[in-house]
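Protein sequence lines correspond, in order, to chains A and B.
For the first sequence, counting from 1, position 24 maps to 23 in numbering that gives the first Met the number 0; every step adds exactly one.
For the second sequence, counting from 1, position 364 maps to 363 in numbering that gives the first Met the number 0; every step adds exactly one.
Note that these hints are calculated values from the structure, not bench results.
This list has only true hints and no planted wrong ones.
Rough simulated footprint, nothing fancy, chain B against chain A, three-plus residues with beta-carbon under 8 angstroms:
id, stretch
1, 245 to 258
2, 315 to 329
3, 441 to 447
4, 451 to 465
5, 477 to 489
The beta carbon of each residue, even a glycine, is placed where N, CA and C say it ideally should be.
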Amino acid sequence: MLRPIKICIISRHVKVRQPHILSRPLITGPPPNIPPKHYQTPTSTPLPHPTPLDPSFQPDPETGDGKPLYVPGSPAERHASQGRRSSPLRRGMHESWWAKEMGWFNAVAKTIPTFRILDEEGNLVKDGMIPEVCQTHLQLSFTYKIMTLIPVVDNVLYQSQRQGRISFYMQCAGEEAAIVGSAAAMRSGDEMFGQYRESAALLYRGFPLNSLMAQCFGNVEDLGSKGRMMPVHYSAPEVGLHTITSPLATQMPQAAGVAYALKLDENRQGDCVICYFGDGAASEGDFHAALGMNSVLGGPCIWFCRNNGFAISTPIIDQYAGDGIASRGPAYGLDTLRVDGNDALAVLTAVREARRRAVEGQKGVLVEAMTYRVGHHSTSDDSSKYRPVEEVQEWTVVDNPLQRFRAFLVNKEWWSEREENDLLKKNKADVLKAFARAEKLPKPKLGEMFNDVWAVAKGEEVPHVIIEQRAELGRLLKKYGDVWEPWRRERKRYVEEGEDVMDCASRGS
Amino acid sequence: MPPRFSLPCRSASAYFSKRPGPSVLGRLRGQHVDAGLSSPRRARAAPSPPEAQGVEGEPSISENQLLLSSAQEALATPGLHFTDGHGPLGPTGRGRQTRRMNLYGAIREALGTALGSNPKAVIFGEDVAFGGVFRCSMGLMEEFGKKRVFNTPLSEQGIAGFGIGFASVGATAIAEIQFGDYIFPAFDQLVNEAAKQHYASGGAYPLPGGSLTIRAPIGSVGHGGLYHSQSPEGFFLGAAGLKVVIPRSPIQAKGLLLSAIRDPSPILFLEPKILYRAAVEEVPIDDYTLPLGQMEIVRPGTDLTLISYGLPLYTCLNAITLLHDPPATLMPLLPDKLRPPRPISIQLIDLRMINPLPINSVVEAIKQTGRVVIVHEAGPSGGVGNNLAGELGRRAFEYLEAPIGLVSGWDTPVPLTFERFYQPDVIRVFDKLLETLSY
Ligand SMILES: Cc1ncc(C[n+]2csc(CCOP(=O)(O)OP(=O)(O)O)c2C)c(N)n1
Ligand SMILES: [Mg+2]
Numbered sequence: 000m001l002r003p004i005k006i007c008i009i010s011r012h013v014k015v016r017q018p019h020i021l022s023r024p025l026i027t028g029p030p031p032n033i034p035p036k037h038y039q040t041p042t043s044t045p046l047p048h049p050t051p052l053d054p055s056f057q058p059d060p061e062t063g064d065g066k067p068l069y070v071p072g073s074p075a076e077r078h079a080s081q082g083r084r085s086s087p088l089r090r091g092m093h094e095s096w097w098a099k100e101m102g103w104f105n106a107v108a109k110t111i112p113t114f115r116i117l118d119e120e121g122n123l124v125k126d127g128m129i130p131e132v133c134q135t136h137l138q139l140s141f142t143y144k145i146m147t148l149i150p151v152v153d154n155v156l157y158q159s160q161r162q163g164r165i166s167f168y169m170q171c172a173g174e175e176a177a178i179v180g181s182a183a184a185m186r187s188g189d190e191m192f193g194q195y196r197e198s199a200a201l202l203y204r205g206f207p208l209n210s211l212m213a214q215c216f217g218n219v220e221d222l223g224s225k226g227r228m229m230p231v232h233y234s235a236p237e238v239g240l241h242t243i244t245s246p247l248a249t250q251m252p253q254a255a256g257v258a259y260a261l262k263l264d265e266n267r268q269g270d271c272v273i274c275y276f277g278d279g280a281a282s283e284g285d286f287h288a289a290l291g292m293n294s295v296l297g298g299p300c301i302w303f304c305r306n307n308g309f310a311i312s313t314p315i316i317d318q319y320a321g322d323g324i325a326s327r328g329p330a331y332g333l334d335t336l337r338v339d340g341n342d343a344l345a346v347l348t349a350v351r352e353a354r355r356r357a358v359e360g361q362k363g364v365l366v367e368a369m370t371y372r373v374g375h376h377s378t379s380d381d382s383s384k385y386r387p388v389e390e391v392q393e394w395t396v397v398d399n400p401l402q403r404f405r406a407f408l409v410n411k412e413w414w415s416e417r418e419e420n421d422l423l424k425k426n427k428a429d430v431l432k433a434f435a436r437a438e439k440l441p442k443p444k445l446g447e448m449f450n451d452v453w454a455v456a457k458g459e460e461v462p463h464v465i466i467e468q469r470a471e472l473g474r475l476l477k478k479y480g481d482v483w484e485p486w487r488r489e490r491k492r493y494v495e496e497g498e499d500v501m502d503c504a505s506r507g508s
Numbered sequence: 000m001p002p003r004f005s006l007p008c009r010s011a012s013a014y015f016s017k018r019p020g021p022s023v024l025g026r027l028r029g030q031h032v033d034a035g036l037s038s039p040r041r042a043r044a045a046p047s048p049p050e051a052q053g054v055e056g057e058p059s060i061s062e063n064q065l066l067l068s069s070a071q072e073a074l075a076t077p078g079l080h081f082t083d084g085h086g087p088l089g090p091t092g093r094g095r096q097t098r099r100m101n102l103y104g105a106i107r108e109a110l111g112t113a114l115g116s117n118p119k120a121v122i123f124g125e126d127v128a129f130g131g132v133f134r135c136s137m138g139l140m141e142e143f144g145k146k147r148v149f150n151t152p153l154s155e156q157g158i159a160g161f162g163i164g165f166a167s168v169g170a171t172a173i174a175e176i177q178f179g180d181y182i183f184p185a186f187d188q189l190v191n192e193a194a195k196q197h198y199a200s201g202g203a204y205p206l207p208g209g210s211l212t213i214r215a216p217i218g219s220v221g222h223g224g225l226y227h228s229q230s231p232e233g234f235f236l237g238a239a240g241l242k243v244v245i246p247r248s249p250i251q252a253k254g255l256l257l258s259a260i261r262d263p264s265p266i267l268f269l270e271p272k273i274l275y276r277a278a279v280e281e282v283p284i285d286d287y288t289l290p291l292g293q294m295e296i297v298r299p300g301t302d303l304t305l306i307s308y309g310l311p312l313y314t315c316l317n318a319i320t321l322l323h324d325p326p327a328t329l330m331p332l333l334p335d336k337l338r339p340p341r342p343i344s345i346q347l348i349d350l351r352m353i354n355p356l357p358i359n360s361v362v363e364a365i366k367q368t369g370r371v372v373i374v375h376e377a378g379p380s381g382g383v384g385n386n387l388a389g390e391l392g393r394r395a396f397e398y399l400e401a402p403i404g405l406v407s408g409w410d411t412p413v414p415l416t417f418e419r420f421y422q423p424d425v426i427r428v429f430d431k432l433l434e435t436l437s438y
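Chain A extracted, bound-state conformation (with noise of 0.2 angstroms):
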């Protein structure tokens, strides 16, 4: 049952493992048996209703409110459904029909195209139109200069973590065009939830590059984490991003929970939620929790897969045997794209048409952008342990986001060589001066070991064992921290040197 997909799956492999790469023809739209578009699903769908309907409900003809999606068909057919669906027997189903065959089926699309508006070499695709979303210049050098900046930024890091000057780093080479197309795709107001591998996202929100810095560096200015969360864990409400952790998927239900809340609350009507995942990640349960409670309870929630065909070391074909992640959208209800993510046009045109759905719809959309981890899985791993390098090398040569995206703006002439260099010669000097500045600053002060534990309302103490294991730190600095030498080397890194913990009168600060 599962292997025409499997098939489908690995002989996308094989294509990228080809030798004669440039020879490969380009893919500029589907097959032509099949047609293009399933069916259209107007943004004013509204969730499927889990409970049965009223059977008094008529859909309204005018904005087919309580059509089922999905569906072909008139509404006057629909309409003679609804009757029969109101039996307990086919509560929770769009619409069926009793059948005397069998019918076994494993797709609920026969294929899932890949939306795509520049071909490798940055042409338009044939026939292909400029979406409007599209035509405003300023927007799109934008969005490549955050590209272009990111690997400058990861470079730096990722270098600096290999000589020991940071602990870790993750970089996300090779997926440029997924995360800056659909941060650009976004609105200042808009909540964001990252997995880990979205730095540029959040630089593209107008997060400094010291305050990135100083995350990685955990030194005394980085306000989101106090020193306490490894590099790329950012945490910056004032742009919308809610913290970054490391356990995968845990933010997926928790932004269903942020897409509710804005759902209900009216000052907020017109903002949503955007939400990124792995591959890997969305085999968790989370990934499902969150599908399911969203599709039922509503909310603007983008649902954005990086889909970049490793999680570790973990290949797409040991990860899922379905048709990628694309195909598990319509099994919550929720419109879905398939997206190329390394076309930064085709993300940024296909992100807004999901937010444009989910704001209207006050509901879910699924995006996967197909795209390819270029780099490492961070600073702990050697890919080359399970993945030829040439592979990796071609990705770079014949599919490169960047090089896609500057092809098309350097034809319509939105880009010069000039701007080029002068950008990048700006972008090494930025990020190296907040690199250097970031690295001579001290670590927090030791006490903010102790701080956030807790909640606490103002006026109330912080709970009592933090105010003794304070203590007790403090006690043992006194006695032991210039005379232990290990003690005494490392306290200097703190701002003032663990004095903030010996003062143990101190109720934290």
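Given the coordinates of chain A, work out where chain B with the ligands should sit on it, guided by the hints.
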């Protein structure tokens, strides 16, 4: 391609003290003879277990006396039982072979031995096919095939539940959870299903021969922060039916893991990840087991009993050494009666299993010394220390001459930048020894 450039080198006086000096690292690497699988490139490149961190003023883990560096010592390990039924002299009577192995090498040995000796055993988890992010299953897929050593989709609850099911029909499931920090999605399967299965089914499930072992790395490496340094063992103390084992060294790990795999109870096998590379011992290469559920007295002593498990045992031994031979700067802090050359004799106990606790033998031990200090990395609340101290206080009240001491992490998440001051390090154990001895 993004531009590449190198960074200026950091000055020697930088405050950064994350990495061991070149000498420490060099020595460590020189010692790796892990089943012939490490090449110089492997040793340098990631994916890599965290580097052991030399702290100046403290001996490195690899130099710790807990580690047995000769074949004789290794073969004299208490409780060592060779599966072939012969003693340490082996079937030929001419002795047995040992090989220098680090902890991940020893785990890999145990896994290979389990697969080789039991055709119904399988190994699975996230990224295990290529060797696992900590290299514990390196080469096993090549040796035993994809059907027996395989990647799973990324779901810890799936991994645990799958293992329970696999074992329930009489097969042997050996699962890996990539980090102890990520075991919580599996908590329901482990606590409500694995732990209770035997009880709920009136002893019928798992069917005879069935066994489930879940391995996970735990503990702080000095720079893991909230989600790569946790010690979650305390959460499992209430899971009656689920054994929790924590080895301290390569020899122990191989023997205890093989015992665990062959034990009918579901077992959580928690490996201190900083030891994967840093701890190197002469490990017997034959199939052997160590007894499950028995604590081990790793150093005899009469004045105080120091109780721990896993990594902090190394810290404990360092603290004992420090007490015997304190540097001049610490000397003024010692009360007269503890100053050298007064011989202070401290007993060191490795619990090895924390659920169920080997309580009776620990009680007998502390009755001899009358003073107890417990050390572990997790915070005190809901942890092994308080659990054990409660039992000891009740059972040996009249033998105790001082309150039971506990040195542990704090009741906070593990904070990246402050990890050095979170962990129970040698000076904190030293201080608690002083306090308890002079009470
Ligand atoms: C619950 C949980 N399990 C395991 C891990 C370890 N881990 C970190 S990243 C990762 C792979 C994730 O892959 P994917 O979701 O595809 O994201 P990508 O790294 O490809 O961006 C794993 C297994 C984790 N962080 N959390
Ligand atoms: Mg991935």
